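Enquirer: Based on the sequences and whatever the hints tell you, model everything.
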Amino acid sequence: MQIYLPIAEVSVNAFLLLGLGGMVGILSGMFGVGGGFLMTPLLFFIGIPPAVAVATEANQIVASSFSGVLAHFRRKTVDLKMGTVLLSGGLVGAAFGVVLFNYLKSQGQVDLLVRLCYVVFLGVIGSLMFVESLNAIRKSRKNAGPPKRKKHNWIHGLPLKMRFRVSGLYISVIPPLIVGVLVGILAAIMGVGGGFIMVPAMIYLLGMPTKVVVGTSLFQIIFVTGFTTLLHATTNYTVDIALAVLLLVGGVIGAQIGTRLGTYLKAEQLRILLALLVILVCAKLALDLLLEPSELFSIGAAGGH
Amino acid sequence: MKRLLLSLLLCVTTPVMAEEVVLGLSQDQVAITADFDGSEILLFGAVKRESPILQDPPLEVVIAVSGPSGPLTVRRKERKFGIWVNADAVEIDHAPSFYAVATSAPFNEAMSNVEDQRHRVSIPRAIRSVGAPMGIEDAQSFSEAVIRIRTSEGAYQVLENSVSVDEQTLFRTSIKMPANLTEGDYPTRIFLTRGGKVVSNYETVINVNKVGLERWLFDMSRNQPLMYGLMSLAIAIAAGWMASAAFQVLQRR
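Chains as they are written, first to last, in our numbering: chain A, 3 to 307; chain B, 7 to 259.
Just so you know, the hints here were simulated from the structure itself, not pulled from any lab data.
If you're wondering where the values come from, they're calculated on a predicted model, not measured in any experiment.
Glycine included, every Cβ here is placed at the ideal spot set by N, Cα and C.
Any given hint could turn out to be false.
Ranges between beta-carbon positions, derived for each pair [what the hints assert, rightly or not]: (1) A:Pro295 x B:Val255: 48 to 56 Å; (2) A:Leu278 x B:Pro184: 33 to 41 Å; (3) A:Glu297 x B:Leu232: 35 to 43 Å; (4) B:Leu256 x A:Ser129: 32 to 40 Å; (5) A:Val94 x B:Thr157: 45 to 53 Å; (6) B:Asp191 x A:Ile176: 35 to 43 Å; (7) B:His100 x A:Tyr266: 55 to 63 Å; (8) A:Gln271 x B:Leu256: 20 to 28 Å; (9) B:Pro184 x A:Ser129: 39 to 47 Å.
Taking lysine-lysine and the BS3-like style, the derived pairs with C-alpha atoms no more than 25 Å apart in a straight line are [said to hold, decoys possible]: (10) A:Lys107 x A:Lys286; (11) A:Lys78 x A:Lys213; (12) B:Lys86 x A:Lys107; (13) A:Lys268 x A:Lys141; (14) B:Lys83 x A:Lys107; (15) B:Lys54 x A:Lys286; (16) A:Lys213 x A:Lys141; (17) A:Lys286 x B:Lys182; (18) A:Lys163 x A:Lys213.
Facing chain B, a subset of chain A residues (Cβ under 10 Å, in silico) [as the list claims (entries may be wrong)]: (19) Asn61; (20) Ser69; (21) Phe132; (22) Pro177; (23) Glu297.
Expert: Below is the structure:
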């Protein structure tokens, strides 16, 4: 069944969108990621204009993270204080990101920026995750010794300290603010929640306990992507509600199937699979940039100067 | 008034070959609904004349359907620092979003170059670009690229020999409009030619409009962007909440 998307002004197969939403939903349920970093490039591949894909994907992430954060609230694994600090940084970052996005759009370089961001971040995170999970598998075979203790590093020397009870931390607000700003910028430019950057940053940079990390990251992602959606809707008119709804329905159902599938696999195996998937998407995008395109010209809206 | 003058003028200049188009369209409205996946428009008509049919040169029919026109920016990729990035850009002042030319003979036989230039019928003539910025020498390749890209998308079509003409009087053709249509007025022109010269022309408009939900959503996103954004957020939050609630119910069982 073909459906004409009112804002994207392209006609696509509705079942393809439901399927894409479902597939990414399954993956996000299995691996505990938002799935935006997979969905947005997939939308590029099926011919949705990049600007619409980015803005609409932000809207879809609001739905999936809201659904996820409710479960975390029930388990009391959301650090609201840390979430608020990250959020204030995130909103500043998102506003800056949209301004940057609009500027680059007028320069005709927005596709390049979005693609470069994807290649760099997917590449780095994919390979880090791959190496890390390989090590974890090797360690579990060898039955490694006691876990390493937390070390004091330069982060603990910064001023403006604050106590975060749920996370059991007493650290400066500067690093979480910076992390928030960076993720906000990425959310606006890449149309992702930034969970796949936020989660490692919270664990390794801020030293937060893993059990509160996902809930807290989801909590602040809702607001950052919600804000991004509104900014894109009011400045670029690129949020396609029909596209968002189709992706949502598929994604929400897929996420539930994925959560169940995930229980059958070991954590390290899951992460290796995810890492391979991330690297694959990255490689495809990188090849597009490196190989000579078959069509050198592209048509854009006028008034770009 | 204009058309009256034009037909008067035609009567004066070509008194012998006073031939006029009577046109019918299978539809003069194309409604873009949510399940729109392209449309086929049947154009048919007859030639009205008071004098006996002229046998030589034969009557040919050229039909041009054009989408709404607007300015475009065409960019060309170049290899910089090892990756392919957009470099040169040329503004095209006027390019239709859709353009189909159907003829009853090969285009060059049906319409002479001079007439094509006057009426801007063939695809390259329908695209206008005033001038490229300094430093870009091959500006021509940019408008050629527009034609190439849009032809491969099915937005620009050259349909030679696709108009059938019976007894030099009745003609018909069908034009496929792709699923990715932009809305607006689609000016449709019909030319009767003899020996490459235009003996009569006729103009009408096909209306392409988003309707129903598509119309409502599009208008809302433009006129009340804040409301539209809040509505998308509300839908997202509701869907997320419903999924979580449904998941809980399923888990309890």
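Enquirer: Would you mind marking each hint as holding or not holding in the structure?
Expert: For each hint, the structure was consulted:
Pro295 of chain A and Val255 of chain B have their C-beta atoms about 50 Å apart, which keeps the hinted 48 to 56 Å range intact. Between Leu278 of chain A and Pro184 of chain B the CB atoms are about 37 Å apart, so this pair conforms to the stated range of 33 to 41 Å. Hint check: Glu297 of chain A to Leu232 of chain B, Cβ distance near 38 Å, so the stated range 35 to 43 Å holds. Evaluation of the 32 to 40 Å hint for Leu256 of chain B and Ser129 of chain A yields a pass: the beta carbon distance comes to about 37 Å.
Range check, Val94 of chain A to Thr157 of chain B: about 46 Å between beta-carbon atoms, so the 45 to 53 Å window is met. At about 58 Å, the CB distance of Asp191 of chain B to Ile176 of chain A disagrees with the hint of 35 to 43 Å. Distance hint check: the CB atoms of His100 of chain B and Tyr266 of chain A are about 60 Å apart, consistent with the given range 55 to 63 Å. Distance hint for Gln271 of chain A and Leu256 of chain B: a CB-CB separation of about 26 Å, consistent with the stated range 20 to 28 Å.
At roughly 42 Å, the beta carbons of Pro184 of chain B and Ser129 of chain A sit within the given window of 39 to 47 Å. As the CA atoms of Lys107 of chain A and Lys286 of chain A are separated by approximately 23 Å, the hinted pair is consistent with the 25 Å bound. Proximity of Lys78 of chain A to Lys213 of chain A is assessed by CA-CA distance (about 10 Å); at most 25 Å being required, the pair is judged to hold. A threshold of 25 Å between alpha carbons decides the hint, and for Lys86 of chain B with Lys107 of chain A the separation of about 19 Å falls inside it, so the pair holds.
As the CA atoms of Lys268 of chain A and Lys141 of chain A are separated by approximately 14 Å, the hinted pair is consistent with the 25 Å bound. For the hint pairing Lys83 of chain B with Lys107 of chain A, the CA-to-CA distance comes to about 16 Å; that is within 25 Å, so the pair holds. As the CA atoms of Lys54 of chain B and Lys286 of chain A are separated by approximately 60 Å, the hinted pair breaks the 25 Å bound. A threshold of 25 Å between alpha carbons decides the hint, and for Lys213 of chain A with Lys141 of chain A the separation of about 22 Å falls inside it, so the pair holds.
Proposed proximity of Lys286 of chain A and Lys182 of chain B is contradicted: the alpha carbons are some 34 Å apart, above 25 Å. Between Lys163 of chain A and Lys213 of chain A the alpha-carbon distance is near 23 Å, which keeps this suggested pair within the 25 Å criterion. The restraint placing Asn61 of chain A at the interface with chain B holds, with a minimum CB-CB distance near 5 Å, inside the 10 Å limit. Against a cut-off of 10 Å between C-beta atoms, the interface hint on Ser69 of chain A holds, since the closest Cβ of chain B lies about 4 Å away.
Given hint, Phe132 of chain A at the interface with chain B, is violated; its Cβ is 24 Å from that chain's nearest Cβ, farther than 10 Å. Annotation: Pro177 of chain A was flagged as interfacial toward chain B, and the flag is violated, the nearest CB pair being 29 Å apart, outside 10 Å. The closest approach between the C-beta of Glu297 of chain A and any C-beta of chain B is roughly 7 Å, which is under the 10 Å cut-off, so the hint is satisfied.
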